[in-house]
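> Listed below are the residues making up each chain.
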Amino acid sequence: MYEESAWEDSIVGRAQAKPEPAGRCGPPSGSELAIEAERLEKRFGDRWALASVDLAVARATVYGLLGPNGAGKTTTVRILATLLSPDGGRARVAGHDVAAEPGLVRRAIALAGQSATVDEDLTGRENLLFLGLLAGLRRGAAKARAAELLAAFELEEAATRQVKAYSGGMRRRLDLAASLITRAEVYFLDEPTTGLDPAARARVHQIIRSLAAGGATVLLTTQYLDEADQLASRIAVVDHGTVIAEGTPGQLKAMAGAGTLRIRLADPAQRPKARHALARLLELPVQDGADPAELTSQVPPAGSGRPASDQAAAAVAELARAGIAIGEFALGQPSLDEVFLALTAHPAASTQATAEGSS
Amino acid sequence: MTAVTTARPTSGTSAPAGLSPGPRPGPPGAWAASVAFGWRALLKIKHVPEMLLDVIAIPVIFTLMFTYLFGGALASSPHRYLQFILPGTLVMAVLLVTMYAGTGLATDRARGITDRFRALPIWRLAPVAGALLGDIARYLLAASLVALLGLAIGYRPEGGTPGIMAGIGLLLVFALALSFMWTALGLLLRTPQAVMSAGTVVLFPLTLASNVFVAPRTMPGWLQGFVAVNPVSHLVTAERGLIAGHPAGGQIAWVLLASGAVAAVFAPVSAWLYGRRP
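Going line by line, the protein sequences match chains D and E.
If you're matching positions, the first sequence starts at 1 in the working numbering and goes up one per residue.
If you're matching positions, the second sequence starts at 360 in the working numbering and goes up one per residue.
No wet-lab data here; the hints were simulated from the structure.
All of these numbers come straight from a predicted model, not from anything done at the bench.
Each hint should be verified, as a subset may be incorrect.
Reference excerpt, derived from the structure (chain D facing chain E, CB under 7 Å, subset only) [claimed, not checked]:
#: 1; residue: 84
#: 2; residue: 85
#: 3; residue: 103
#: 4; residue: 106
#: 5; residue: 107
#: 6; residue: 121
#: 7; residue: 126
#: 8; residue: 136
#: 9; residue: 143
#: 10; residue: 286
#: 11; residue: 331
Cβ atoms here follow ideal geometry from the backbone N, Cα and C, with glycine treated the same way.
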């Protein structure tokens, strides 16, 4: 899985023997926290961008902040990075209060992605050199570091071209490189892979993993649910300015039910009838798929008595008995997409209760 | 899929020496950070020379047009008129370039790069100070260009080179003070275009309704009144004296005082506008 570890090392440095946090399940506590936020509120005019955001991110982990556009992810990152002051609540990053000690917070963080860009008029090399000087490197060291990063991010050929001539992917790579000039305790990566092709995304993923392995904390915002699933040890799902669910990817999936039953009917005309029957059998809402012959439903969690597979099989058998011809069916672990839909389809208050009930 | 899918690399001993990021050095001092921003401003002049040429073109065209088109009519010969108009177009060139002090910061903010700067542990005002360092370079370039053009087409000031140098020096002081005003405006307005429009709206009437092109004697009374209080007129009069080698102390003092006043108001305003956290 880590064939490219030498490449990675050149960018983010060696693993710094932080104790392996894998398997951590409960929310972290105490001085182990790299980021803590309590009831963060932010209002723009009469619109509440953040209604109440609580976060607790353990050191040396990747934490996913997941939500659709406008959910409040970027606002949260901007408050934590000392760019915005909250209208309510408090936050500490790397042990320092963002409102009272912004200077100390800035010494500990690096920001990349949507919230920070590079200078379009300058070349790639000039950008890195300039930001290296601002990071406190001397000119010689800044030059050397710029050259290393250009090589590591495969931007050497484009090094002397103005950034405005870069492709979206090249820009993102340069942007990320700029955040890696010197080591930070906490990295805020605001949608770092938006607009990247799959290969470039995979590379960014590796960089993110090795940052955490090197002892740094990464707060990653993303709209890609699989990205949070793959990278983050814990995820907060944000919608309308509040955290509507928080936990490990596994816990979040468990919240949405034991699995998803997907049925394709032989005859699309039977869908209303099938939907009705299935909803009665599983006692859960049933969604129409995009395909006119498709139906999907959550299967109640195992706690309800029978294993999910039994319930799904029984439901399918029951449909067949009722004269509904089934083309194919499948039972799968819910994807985070389905988790997200399940969580946001309800009013925020009731999902909050669900989240608390199952964690 | 297990709860924690974040696989961790086990390697780490093979990192090529010197390639990985070192521990963070201390943040740069206020001066070092400002110089870095100044260097960036110079790079921008190199990469986006249009920004300079756009504004230089107007004084150059005005110098040539007024000298050759109207010079004969206004002062009996183009050569004689050139001796009168050049200090004025010099002022005009530099004042028009000052607009860019505001557009640079507005551009940074519109493109989002300001956020990266504000998340850095550097002196809060380093971007503003650095931009001003870059502006000084731009003003010098603009002034030299117009002065050289004048000399090339027959401008022969009595004060000689020292006179021109002194004139450019005083002009720089005033331009720098004015830069604080544009900086504040650039931080207040949403787009670089808005700053440019505001700059044009303010600067064109000020430079045209002054004593740059003609002595105000022939103007209607109300306009003479305006020209008399127009700061550009005072600046141009001071410049004419300096460049001609017989400086008018009163006018120079007036320009220095006005510069101090403008800077005293707008430097803190800019600082506050840049430093505030929305």
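> Does the CB of residue 107 (chain D) sit less than 7 Å away from some CB of chain E?
holds, 4 Å
> Take the shortest C-beta to C-beta distance between residue 106 (chain D) and chain E; is it under 7 Å?
At 4 Å from the nearest chain E Cβ, residue 106 (chain D) passes the 7 Å test, so the hint holds.
> Min Cβ distance, residue 121 (chain D) to chain E: is it shorter than 7 Å?
Result: holds, 5 Å to nearest chain E Cβ.
> For the hint on residue 331 (chain D), just tell me whether its beta-carbon gets within less than 7 Å of chain E.
Hint on residue 331 (chain D): violated, closest Cβ of chain E at ~15 Å, above 7 Å.
> Report holds or violated for the interface hint on residue 136 (chain D), using the least CB-CB distance to chain E and a cut-off of 7 Å.
holds, 4 Å
> Residue 84 (chain D) was flagged as interface toward chain E. Is the shortest Cβ-Cβ separation under 7 Å?
holds, 6 Å
> Should the interface hint for residue 126 (chain D) be scored as holding, given a Cβ-Cβ cut-off of 7 Å against chain E?
holds, 6 Å
> Given residue 143 (chain D) was flagged as interface, is its beta-carbon under 7 Å from a beta-carbon of chain E?
Violated, because the Cβ-Cβ distance from residue 143 (chain D) to chain E comes to roughly 13 Å (cut-off 7 Å).
> Hold the hint about residue 286 (chain D) up to the distance rule: shortest CB distance to chain E must be less than 7 Å.
violated, 25 Å
> Hey, does the residue 85 (chain D) contact hint survive, CB to chain E under 7 Å?
holds, 4 Å
> With chain E as the partner, please determine if residue 103 (chain D) meets the hint condition of a C-beta pair closer than 7 Å.
Status holds, d = 6 Å.
Of the hints listed earlier, those the structure fails to meet are numbers 9, 10 and 11, in rising order.
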